[in-house]
Amino acid sequence: MSAVSELRITLAGAARVVAGGTTYGEALEADGRSVVAARAGGELKDLAAPVAEGDVIEPVPADSPDGRAIIRHSTAHVMAQAVQEIFPEARLGIGPPVENGFYYDFDVKNPFTPDDLKRIEKRMREIVKQGQLFSRRPVSDDEAAGELAAEPYKLELIGLKGGAADEESVEVGGAELTIYDNLDPKTGELCWKDLCRGPHVPTTRSIPAFKLMRTGGAYWRGSEKNPQLQRIYGTAWESREKQDEYLHLLVEAEKRDHRKLGAELDLFSFPDELGSGLPVFHPKGGVIRRVMEDYSRKRHEEAGYSFVNTPHITKSKLYEISGHLDWYKDGMFPAMELEGAEYYLKPMNCPMHNLIFRSRGRSYRELPLRLFEFGTVYRYEKSGVIHGLTRVRGMTQDDAHIYCTHEQMRDELKSLLRFVLDLLRDYGLDDFYLELSTKDPEKFVGPDEVWEEATETLREVAESENLELVLDPGGAAFYGPKISVQARDAIGRTWQMSTIQLDFNLPELFELEYQAADGTRQRPVKIHRALFGSIERFFGVLVEHYAGAFPPWLAPVQVVGIPIAEAHVSYLQDVAKKARERGIRIEVDASDDRMQKKIRNAQKSKVPFMLLAGDEDIAGGAVSFRFRNGEQKNGVPVDEAIAEIVDAIERRLQV
RNA sequence: GCCGACGUAGCUCAAUCGGCAGAGCGACAGUCUUGUAAACUGUAGGUCAGGGGUUCGAUUCCCCUCGUCGGCUCCA
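Heads up, the first sequence is in this note's numbering, so the first residue is 1 and it goes up one at a time.
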């Protein structure tokens, strides 16, 4: 090796000179645990790779996003090795890091059982303990094809490499193919190898914590036309503590599962008799829903919306005009044949709103015309995707369509986004980011300049709200750009909530027109927007956000009166009467349970306020509060107590 | 729709290697009532998701359907 004897590099912002053959790991004095890889000139490198002249080198900490991804990717390799040791006939698919973990796909005769997972995990722990080295080796395409002759899926990826160089794949990518050998640290013997771009942690010992999570089928390369492989998901972290935190979050999320809370709190159910994805709301869920809707109506009324109503079913003609029958038929329930006509359940409200717009001539003076409806729609969701209230077949959208002139579009979009964000905040969601889906240059309708202006306006408004803006280039539907509001809930999960979408297509198809000031006929701009998305879904999100402990204004039962003994029931009933007169939803627990049991029941039903009354309270014309957190406030005069509750309801406070 | 797991009382879960199905909570009835998360006693409650098959006999084994759960695809 007559390598250059000295190399000039930049480390931590300072110029350094190191001997030729120095590795990134040596240069960074990395231990392979807190620092798992290096970044040189923006590219991630193995610690064992030699530095190059002129490198600007930074460490990749284990607890950074890249660091975690590397740990997870390496863990995926360990898993694949374990799988192939236990199931030698298993063929490899791909095994990338993903959010919070990693997966690897395998072609196996029999799907993995939970027992298999245990065996695989056990073997993985042995491999980790053994400290196998991840050793990078560049290969030519032909060499790779030869070495991986038994791995048909890997061969397919090698074959794809040339054509799809832009594909960001962890297997192939960059200029050359590389294979990672896993070597026995003592003997240097080859234990396993995989086609992989890398980088990897230096040894399997650099995987501090991991756990296999679940299995499932997954189509090869994500297409349902391809064979289905068996995927194993796992998680891996830079420390045991971080992993425990993550697992704890999952437990917390499970406790908040709206499907579970919905049954426990008697909010809604999915009767088998109705069919999959068709919820019914019980009285308690019904109250929440009604309050949600009432408040939304009130706010829409204040914001200048007109309320409309449309039927649930229509002749096919409407969806021929709108084009739904061309491009959305799979998502619709099949037609009913009646009197020689075909009728469809409506999957969307907008076509019907268009009919309202064009029911008579429209003047520019009427614009913006904002039509709002709680419109119930039915969509044929495939059986495997139905999920609680978040993915259903029958749902009610808080759907609005705004018809305006080009000149009005800008202001309308601005006020609309503010309206949406304000309203979401009122429902208790206040941590947002926005996603802007822009034009797909290959596929769009409508004039360029309107796309441009609408997109720019959406961007401006997003920026003026000081919200994080994620771009989704080319992600818009063909008929218009879209901005969607993503909300983070109480435990940091994000949900797609509202969408605001321009539609340049339907006004054309329905030949919508208004008469402008100069007497010409113009096509209106149509803005489509749903704030909740669907009431069902939003309801589900709120259940999870609040973990079922709704703020008083939404709580189905706001107050439970609990007598210390039977003798105090009638006093509490008087209190309840007064409270009801102030609009409070209050119940008195007059059952023959003991007081402690009543408290337990009320606590479990997550009622915001308990009002207790015994001899002491009655003597002072008072009641005693118990709050959800177990705190109490005793001897509060009845009027004051009611005022406090009314205040919390009116101000929509959480308590 | 596809791959896999699952479906026992209102809920949470036992049991039956093919031989009369069980508990806790809840419900109901009665007894007892005094200060912040479970009083006591009793009663009712099941075509073991539905249908078909194998068998002397099926909740148990096989097939189909429905539903639920975890993934994939999809989410206009």
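Think of the hints as simulated: they come from the structure by calculation, not from any bench. The model shown is predicted, which means the values in this text are computed figures rather than measured ones. Treat the hints with care, since some could be wrong.
What the hints assert, rightly or not - Once the Cα atoms are required to be at most 20 angstroms apart in a straight line, the calculated PhoX-like pairs of lysine-lysine come out as:
| # | residue 1 | residue 2 |
| --- | --- | --- |
| 1 | Lys129 | Lys211 |
| 2 | Lys298 | Lys315 |
| 3 | Lys606 | Lys260 |
| 4 | Lys109 | Lys211 |
| 5 | Lys255 | Lys606 |
| 6 | Lys260 | Lys604 |
| 7 | Lys255 | Lys329 |
| 8 | Lys284 | Lys633 |
The hints, checked one at a time:
With a CA separation close to 15 angstroms, the supplied pair lysine 129 and lysine 211 stays within the 20 angstroms bound. Distance restraint check for lysine 298 and lysine 315: the Cα-Cα separation of roughly 33 angstroms exceeds the 20 angstroms cut-off, and the hinted pair is therefore not satisfied. The suggested pairing of lysine 606 with lysine 260 holds, with an alpha-carbon distance near 14 angstroms, which does not exceed 20 angstroms. Between lysine 109 and lysine 211 the alpha-carbon distance is near 24 angstroms, which puts this suggested pair outside the 20 angstroms criterion.
Proximity of lysine 255 to lysine 606 is assessed by CA-CA distance (about 14 angstroms); at most 20 angstroms being required, the pair is judged to hold. Restraint check: the Cα-Cα separation between lysine 260 and lysine 604 comes to about 13 angstroms, which is no more than 20 angstroms; the hinted pair holds. Our distance criterion of 20 angstroms between C-alpha atoms is broken by lysine 255 and lysine 329, whose separation comes to about 37 angstroms. Proximity of lysine 284 to lysine 633 is assessed by CA-CA distance (about 27 angstroms); at most 20 angstroms being required, the pair is judged violated.
The structure does not agree with the numbered hints 2, 4, 7 and 8 stated previously, though it agrees with the rest.
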